[in-house]
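If you're matching them up, the sequences are chains A and B in order. Each residue of the first sequence is one higher than the one before, starting from 1 at the first, in the working numbering. Each residue of the second sequence is one higher than the one before, starting from 1 at the first, in the working numbering.
Read the hints as simulated data drawn from the structure, not as lab findings. Quantities reported herein were computed from a predicted structural model and do not represent experimental measurements. For every residue, glycine included, the Cβ atom is placed at its ideal position computed from N, Cα and C. Please note that a few of the clues may not be correct.
[As the list claims (entries may be wrong)] To spell it out: a stretch of chain B is covered by chain A in this simulated footprint if at least three of its residues, at any positions, have a beta carbon under 8 Å from a beta carbon of chain A; those stretches are:
id: 1; segment: 50-64
id: 2; segment: 94-107
id: 3; segment: 264-271
2 protein chains.
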Amino acid sequence: MNQPDQFTFDGLFSRNVVEQRMMGMGLGRKPKYDFAISYPDPSSLPLQGLMTALQQALAEEGPDLALYLSAQGYGPLREFIAAKLARDRNLHVTSDEIMLTGGAGQAIHVTLESLVDTGDVVLTDDYTYSGALHQMRRFQAEIRGVPTDSEGVLPDALESAIRQLPREGKRAKLFYTVPTFQNPQGWTMSLERRKVLVGLAQKYGMPILEDDCYADLRYDGQDVPSLYTLDGAGHVIYVSSFSKTIAPGMRAGYMTAAPALLKRAMAAKSGGPVPLFVTLAIHRFVTDGLASHIEEINDIQRQRRDAMLESLEEHFTGGATWLRPEGGLSVWVKFPEGTDATAVREKIFEATNAGYSTGPNFAPDRSSGKNFIRLSFGFNTPAEIREGMKLLADAFRREGVLR
Amino acid sequence: MNQPDQFTFDGLFSRNVVEQRMMGMGLGRKPKYDFAISYPDPSSLPLQGLMTALQQALAEEGPDLALYLSAQGYGPLREFIAAKLARDRNLHVTSDEIMLTGGAGQAIHVTLESLVDTGDVVLTDDYTYSGALHQMRRFQAEIRGVPTDSEGVLPDALESAIRQLPREGKRAKLFYTVPTFQNPQGWTMSLERRKVLVGLAQKYGMPILEDDCYADLRYDGQDVPSLYTLDGAGHVIYVSSFSKTIAPGMRAGYMTAAPALLKRAMAAKSGGPVPLFVTLAIHRFVTDGLASHIEEINDIQRQRRDAMLESLEEHFTGGATWLRPEGGLSVWVKFPEGTDATAVREKIFEATNAGYSTGPNFAPDRSSGKNFIRLSFGFNTPAEIREGMKLLADAFRREGVLR
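Kindly generate the complete structure, drawing on both the sequences and the hints.
Take a look at the structure:
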């Protein structure tokens, strides 16, 4: 029997759809020293706490798994988040103004889908979260990075970027930033800088997408108010998640924004709510257990950050520079201009079994920043970090990246 | 202190975004006799089985919750699904050709997003799943319903609808159907009709979106091959889910399609994979427990269907007609032309505490079918069904809908 010709869908795809492409992170296998991905520590996940929480919740509300619930997500968890944001971030919204999402990533997606048409301009920090860039590209935004220093985005540069747009018949649809423990750069935007940024948003009618997903992971220093709180006038879309404080495998993020935006983001979210099976477990766990769990993991991660910083001090001094992050999961390392830490990544992985993320992965143009690497310290123990960093330093030296 | 003016996002929203709107199902509170929604039975959910499964899986793979995994979803569950489809539906794909989704709903969403631009024509059964219609409207498709009878879509009518399109400079982007235990109509498309439908898809280069999410809920009669299997040439996008066989609250669906489509559907899926916390529990549960669980719930649901059919026989004979479904979760009831069961829904709910779905909810034009109702029987016990159906019949008689 002849097989019929395979159908190709020629001429049928929608204009805006893209093919799935790798994000350039893959090394084929997982490195032993995995400094490439911002994982939380696998050995301190609250697995038992989640099991106990789920057991209790299913005994109380298990039959509700039979229901089809609103895409906004489980109400009691939204109430917990509203109370947490008020307490921890001085950010005051009702649970009705919160939507649960598949990680912060889906909150970023539905925000971009609500605002961005093909060719629209989105502004970002000069190097920023690769998953957000990936979504911006999917919606065919024109992404323009704005220079930053150790206190965050440079206000003059941002204002020029905004003012340039009307000359091109355009308008900034959004400024995306991770103001606290910026990914990948590690800085926290200063209060002064935040005030200026919010002032620009108000002056130019520009929404800000504030990705605050690392804010709970503070190892020292003082909290800085969120952009959402400083604004108070609906310009800021605030997203965060439990991926870093509980586990990425829960896919539980959340967002809050002005009703006009939130209603559209809800329509763009598909597949129903974050599964009740997940939100029941999280809700019962966080109600009693989140604060002490965060304290526990922050102790662990502080030691890992310190091991990473001490290793940098020991092996990279003179050949590279970096900022000491007060929280988060990674350190951003700069080699001298002209060196290329990107081209040697796979070779170094083969030689050392250590992985790192490369600068272009975080660059709006996909190519800048070849002399930068991001080193994440959440996954390995302090001893492994010291071991892996020594191997990495030796390998970078052999390749002429580190001198 | 003056509050700053609230930002309105005027002129900033993307062209295709819509506001979340209610789907017209809400009655304010949940009816005692809830024939409106196709729930599975809340009291026979496999809660203990899922807990045991999760406990075992977390002991074995819990630390993997720390990882960021591919949006395609947990490999071992995709392998289980590939084996299940081969065994139950004679449908042969590899696990690489399967993507897990947030219920069948997200599979429908990403398929539509991959194919539909504003104004594109999508063909459907004359009355069909309201969630799919909702997604089609979201992508601003022009939805054209095609007449059906008790064996499914009428081939001549479908071919005319397809042939009409080039005269308008258009082409069918998709034919969406629920061929097995059609929602809401309850028919199962006959083998002969399926062959003709697949032939039309091949002749005209038209993709078919086959929503097979009720196929496991067969109470009597013989399985009919899936459209995907009959085609074998990549025209059919096949979606299904565990919502009806495990629980909607897991949000675990899946799809398979030709690689060209699947790659785009993967890019359109956001928020990462279905949570590992969910897929670990499902995988361990289904491996040993799915077949016997389906047997158990089908015994329960067969009795409920029979209670519903007997109640119709007893109270509605002469005043309405209906089809006996061999599976699924609902019965589609037709009152005489000119009667209106839609306008009286809330009044009847107040009088009886019984809910039903109205015809226009399933109509592409949102208004046809006022003399149809869908009665779902998964939620209530047989005794409650008999009780509620008696109340409903009396109320419909008082309103002149039933004579």
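Do the hints match the structure? See the list:
no. : hint    : verdict
1   : 50-64   : holds (count 8)
2   : 94-107  : holds (count 5)
3   : 264-271 : holds (count 6)
Of the numbered hints stated above, none is contradicted by the structure.
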